[in-house]
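Single-letter residue listing:
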Amino acid sequence: MLLVQVIVGGLLLGAIYALFSSGLTLIWGMMNFINFAHGEFVMLGMYVALLVVVWLGGGPGMFGFVAACALFALGVAVYLLLIRHVARGPMLAQILSTFGLALLLRYTAFWIFSANFVSLPQTYLSGTINIAGILMPVPQLVAGIVAAALTIGLHMLLTRTTIGSQLLAVAEDRAAAMLMGIRPDRMQALAWGLAAGSAGIAGALMAIAYPWSPSVGETFGLTAFVVVALGGFGSVPGAMYAGLMIGLIQAGSAYLFGPIYKDIIVYGLFVALLWLRPQGLMGRA
Amino acid sequence: MGYSDGRCVLSSKNNSSVGRIDVRILSLPRALLAGALAILASMGPATAVDPVKIGILWPLTGNAAAAGQASKAAAEIAAEIVNNKHPELSNIPLAATEGLPNLGGAKLELVFVDHQGVPATAQQLATRLITQDKVHALIGAYQSSCSFTATAVAERYGIPFMVGESAALNITGRGFKWVFRGTPIASDYAATYMRFFNDMKKQGNRIESIAVVNENTDYGTSVAEQIEAAAKKNSIPVAIRIPYSASSTDVSAQVLQLKEKNADVVIFISYTSDSILYMKSMKDLDYLPPMVIGDDTGFSDPSFIPAVADIAQGAMNRSAWDIGQPGSTTYKINDMYKSKTGRDLDDTSARNMQSFLALADALNRAGSTDPERIRDALSKTDLKPEQLMMGYNGVKFDETGQNFLASTYLIQLEGNKYRLVWPDRAGSAKLVWPMKGWKH
Chain A
1 MLLVQVIVGG LLLGAIYALF SSGLTLIWGM MNFINFAHGE FVMLGMYVAL LVVVWLGGGP
61 GMFGFVAACA LFALGVAVYL LLIRHVARGP MLAQILSTFG LALLLRYTAF WIFSANFVSL
121 PQTYLSGTIN IAGILMPVPQ LVAGIVAAAL TIGLHMLLTR TTIGSQLLAV AEDRAAAMLM
181 GIRPDRMQAL AWGLAAGSAG IAGALMAIAY PWSPSVGETF GLTAFVVVAL GGFGSVPGAM
241 YAGLMIGLIQ AGSAYLFGPI YKDIIVYGLF VALLWLRPQG LMGRA
Chain B
1001 MGYSDGRCVL SSKNNSSVGR IDVRILSLPR ALLAGALAIL ASMGPATAVD PVKIGILWPL
1061 TGNAAAAGQA SKAAAEIAAE IVNNKHPELS NIPLAATEGL PNLGGAKLEL VFVDHQGVPA
1121 TAQQLATRLI TQDKVHALIG AYQSSCSFTA TAVAERYGIP FMVGESAALN ITGRGFKWVF
1181 RGTPIASDYA ATYMRFFNDM KKQGNRIESI AVVNENTDYG TSVAEQIEAA AKKNSIPVAI
1241 RIPYSASSTD VSAQVLQLKE KNADVVIFIS YTSDSILYMK SMKDLDYLPP MVIGDDTGFS
1301 DPSFIPAVAD IAQGAMNRSA WDIGQPGSTT YKINDMYKSK TGRDLDDTSA RNMQSFLALA
1361 DALNRAGSTD PERIRDALSK TDLKPEQLMM GYNGVKFDET GQNFLASTYL IQLEGNKYRL
1421 VWPDRAGSAK LVWPMKGWKH
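Chains as they are written, first to last, in our numbering: chain A, 1 to 285; chain B, 1001 to 1440.
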């Protein structure tokens, strides 16, 4: 019974990992561009949720939506003002630009919100559901289900819609896409918006369950990279499976072997899997 | 200064066509002149008020930033008490006077640095404070792991280091001559918990086993080891010990392990975000042990109460700080702190403040900024309980530099405040056992 409880907890955590990692994989797939500021986007999503609760008294539905919109706008702005320009530069400039952006966002958050840990009040979606002895905290349950739905939605958007085809066309061959009448700049701005927006909503969902401070982006950024590498760079379903797997392995190994060993096991399996399958679970070789 | 100015002239003229020997002849008098001027300047009336510099290492950003910032405010209040006249706090040494009387009224100047909780950074910053900022004494460094590395630097350079509140045993007892520690340590805390458990058992509360949950750096490991050893000596079984990393983002597996073992008391030796996360996860997984004891630190962090007060009612914590009755010195100090930060002074910051005041007292008795004399004065420190703001039995350092008169109380969360509940004494609130958690 306890083991089932551990598995449920791991899957709920994994669904959120999947959601905030899917944005990172999207940008990689679209532009071969590594966004080191992705964890900071998640962190900003958490603070947007806090501001909505404090200023507007909004509930989870509202702050999730606002965080998604705010971060979508930020993602588009970051693309237009920064990425578009450095993308033409050398690889190192690309890497350092988002790394610099990450530090800028993190320390701006320190400046505005201070280093204190904050958390949302308990009243929002609090409580626990008991299904046949398995306890499911409502915040994590809602966050996990919404995250899974959004990740699937993002995948559908990419594979089943015209916009998705246009996005993928730009990723496939920029010049050919332009000849087909697709504007690559617009598509890539959209990709950044979607990526940041999904990070924002993932942050808002996590804010329901976890306390955080401006340095939280570091931890999430690292997790996102591992998920993306494991799932295969550029693959949204890959990020989904990898996110769930990592959540599950973390929870399981923490329970079975003790919390200080969980990262050894997660990263050990991660390295072993990359050794066997360098393109990741769902990546193209 | 004068000498280096002379060197500067020498090297710049070297590049010109003027010969080397000529330059020396030219620059030597200048160097001497500049040197003499510098000496004259330092002998002037300025000497009387040359500040005494104290280098302070705390985590001002990063995971423990809130605790570091709170302690920074406390140190600033302590400096304010020493530097200006505060006759209303006259039982605190140096409060009634202005500055350090034995150093001609010299003021204390604080140089803060931020080690972010990284031991290697703490080491580098300690070196910088000593070699570049030329501080006369050091205070730090919150995380035991950071105090451990920073004190080694002070020892190497021969500059006195006052460990404000780090609890790990291994910081003192390395044969260091320049390290002093004002706070109680891991073994003191473990002994206090055992006395408390025995007391509770006598009152008929069931304590058949305890669980120990500790973050896995120097601080958590040291305290947990001491508790395990003390529990063994007092024949209280430790049902489970769970070491974990303080940067964990999910602790539900650990809470499930605790739930399975079902100990009567769970002791958390945790930093801030992790202690909040534990309280929230325990509620989510519906696990409420009869009693939770936080080993200060995370439970005393300014973020803890606003985040989880409504679900952690009755949680206990240790503290050597008590605000006390209106009109008392501690109450007035708390007022000063509150008007600066908007919050009550917490135990962690208060222990740092007490260590700071003990250092200031030694600086004054040294009557000089000579490191050897400061060290000597520190080793002769003998503060009585009535001269302290903390509930220690005094401040007196043994040969390892540890204050062997330090001790602690236990406090309990009621509403939005911790109240002193143990040991039983006048003015203390009544202990509630078992804790109510979120069921109130």
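Don't take every hint at face value.
Unchecked claim - Using 25 Å as the maximum straight-line C-alpha spacing, the simulated DMTMM-like pairs for lysine to aspartate or glutamate come out as follows:
(1) B:Lys1134 x B:Glu1225
(2) B:Lys1261 x A:Asp263
(3) B:Lys1436 x B:Glu1399
(4) B:Lys1259 x B:Asp1286
(5) B:Lys1259 x A:Asp263
(6) B:Lys1201 x B:Asp1050
Honestly, the hints are just simulated from the structure, not real lab data.
Status of the hints after comparison with the structure:
1. B:Lys1134 x B:Glu1225: violated (38 Å)
2. B:Lys1261 x A:Asp263: holds (24 Å)
3. B:Lys1436 x B:Glu1399: The hint is violated at about 44 Å.
4. B:Lys1259 x B:Asp1286: holds (9 Å)
5. B:Lys1259 x A:Asp263: Roughly 23 Å between the alpha carbons, so the hint for Lys1259 of chain B and Asp263 of chain A holds.
6. B:Lys1201 x B:Asp1050: violated (57 Å)
Comparing the model with each earlier hint shows violations of hints 1, 3 and 6; every other hint is respected.
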